[in-house]
Amino acid sequence: MLELDRVGFRYREDWVLREIGFSIERGDFIGILGPNGSGKTTLLRLVDGVLSPGEGRVLLHGRDVAGMKRRDIARVMAVVPQDQPLVFSFSVREIVLMGRSPHLGNLAFESARDLEIARTAMEETETASLAERNFNELSGGERQRVLIARALAQEPSLLLLDESTAFLDLRHQVAFMSLLRFLNREKGLTILAVTHDINLAALFCGKILLLKEGRIHALGPPKQVITETSIREVYRVRAAVDGHPGTGAPRVTVMPDMETSVPKQN
Amino acid sequence: MRERPPVTGARILRITLLLAAICGAVFVVSLCLGPARISVLRGVRDLLFSGEPGLHPSGSPETAILFSIRFPRVLFAGLVGASLSLAGAAFQTLLRNPLADPYILGVSGGSAAGAIIAISLGLAALPFGVPLFAFLGAVLTVTLVFSIGKTDSNVLLLAGVIVNAFFSAVILFFLAMSRSADLHSMTFWLMGDLGLASPREILLVSGTLAAGFVILYFHARALNLLATGEPTALHLGIAVERTKGIVFLAGSLVTAVAVAFSGIIGFVGLIIPHMIRMLFGADHRLLFPASALFGGAYLMAADTVARILLSSTELPVGVVTALCGAPYFIYLLRRKGGF
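Line order of the protein sequences matches chains A and B.
Just so we're aligned: the first sequence equals residues 8 to 273 in the working numbering.
Just so we're aligned: the second sequence equals residues 171 to 509 in the working numbering.
Treat the hints with care, as some may be off.
As the list claims (entries may be wrong) - Which residues of chain A face chain B? A few of them, derived with a C-beta cut under 10 angstroms, are: (1) Val57; (2) Gly61; (3) Ala81; (4) Met84; (5) Asn113; (6) Ser146; (7) Arg157; (8) Val181; (9) Ile223; (10) His224; (11) Val241; (12) Val244; (13) Val248; (14) Pro252.
Said to hold, decoys possible - Now the in silico label distances, taken between C-beta atoms and shown as ranges: (15) Tyr18(A) / Leu187(B): 25 to 35 angstroms; (16) Ile416(B) / Ser185(A): 38 to 48 angstroms; (17) Ser30(A) / Ile416(B): 34 to 44 angstroms; (18) Asn324(B) / Gly28(A): 39 to 49 angstroms; (19) Ser30(A) / Leu183(B): 42 to 52 angstroms; (20) Arg412(B) / Ser146(A): 28 to 38 angstroms; (21) Ala409(B) / Asp12(A): 17 to 27 angstroms; (22) Met448(B) / Gly250(A): 25 to 35 angstroms.
Claimed, not checked - Stretch by stretch, here's where chain B covers chain A in the computed footprint (C-beta under 8 angstroms, at least three residues): (23) 14-24; (24) 67-78; (25) 98-109.
Keep in mind that the hints were calculated from the coordinates and are not lab data.
Just so it is clear, CB atoms sit at the ideal spot from N, CA and C, and this is done for glycine as well.
Excised from the complex, chain A in its bound form (with noise of 0.2 angstroms):
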């Protein structure tokens, strides 16, 4: 349903992708990682034409992303942004229900159709009982929920997400990755997710594209793309890989250097 075809992208001279070329099909569920200034985050808005590629084509259902109007690629494409507060106060009612707007004419009110969207939303991402609070007073783990259930208000084939679990706390952080297995599981969604943890992006998603200095190193299921080998290459850090306990998917655990890591003892 999307293709990269030989993207590049720079800042004035520096290239910071180059050659990215993979193709995300209907009911994949693909995990971003790489280290910092790797391209994740510019791959992203690449992706969902923030930015506009300085060489190659990105192509959503065959159509270059580029010359599509916005609400074109918002009825297919949503994303979840990293979570940042609002200057004017919306209840999360309204900012679910702005999910609505690619299928809605300028001047057309939410139909009563579009209020029980929003609401299967909020119920699938458990935030209905939130509906009437005011974003802004919500904690990090309900405004990242309640992003996502913006996102599905939309009634996208694709969703991108961006860092979404960095800021919540660990059962927030499990919760937030199953939800988003059942919505790729069961509802078929499609979903390309930026993250910065190798672990949890090992459990959760089906592939793994990992970046390194802005090109592709590897793309494929995690068993092969997260290895001893490739954590080294890619973050430059001596890491053992060894099976999940419940489900064998590949763990990383870093090992440091000793005799660097631990401070001295005077």
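Guided by the hints, dock chain B onto chain A, whose structure is given.
Same frame as chain A, now just chain B:
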């Protein structure tokens, strides 16, 4: 958190009608108040039964005062208040800054400078010469202030203050240069005066207000999304740059035409949209009509106070709005949390 029902057509209509009724009541009361005593009852009766509610003095001196002096003045106050509040609501969202308002941003100052330059150069005779220059002054100012301030609200406000000081100097320079009878007094340009508008100017301001309102209302839902951030608006299908451009031009136009004929009246566009947001939420489909109506009522009331507060003389209306608005601005500045 108090519950707030979702915005529906019915709710907008209900609140709009309520505010329109308040606006109408303030209008009638303002008509009846002034140095010459005309009773409320007499005023209403005159308004209803004296035949032509036009601008011609008919019969008694009281009805003459009512129709040839107060009626246009109160009407004009309402139109200017509505214009400034509507523009303030639009600018606040555009800059995602609840402290933005045509006065604080220097847009009013820019319009006034544009208008005074046009008059000094003898362009007032041209059709739309004055409002066109006021509009150019407004657009120039917003572009300037916004390019200096970008997204940092503190820099933005500071840029507005500086630009305001500069345009005040420009205005005073042209006033000093000119002995022309065309020029309004200094207080008109620096503190506002609602008593000098001709019927043609009232018509022009109401036409611009109506056009601006229609344009802004057409983008009301897009502005809801823009209020939550530009990337989000883009992700939700809004053509962000085009929408910003249209809203920016509409807000500048509405401000410019109001300022060209009323002078600089500060803080109206700041207070009113903020109060409406507190009362009814941030949805622009309600914010725009409610701000326009409430802003109209507010300036009619403020101008009435300016007319009757001192028995010896009339105050410029800008004195009243600044005396109320500046403390409110400081309160907003010190306040934490969402708007």
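Which numbered conditions among the earlier hints are violated in the structure presented, ordered from lowest to highest? The structure breaks hints 2, 6, 8, 9, 10, 11, 12, 13, 14, 15, 22, 23; every other hint is satisfied.
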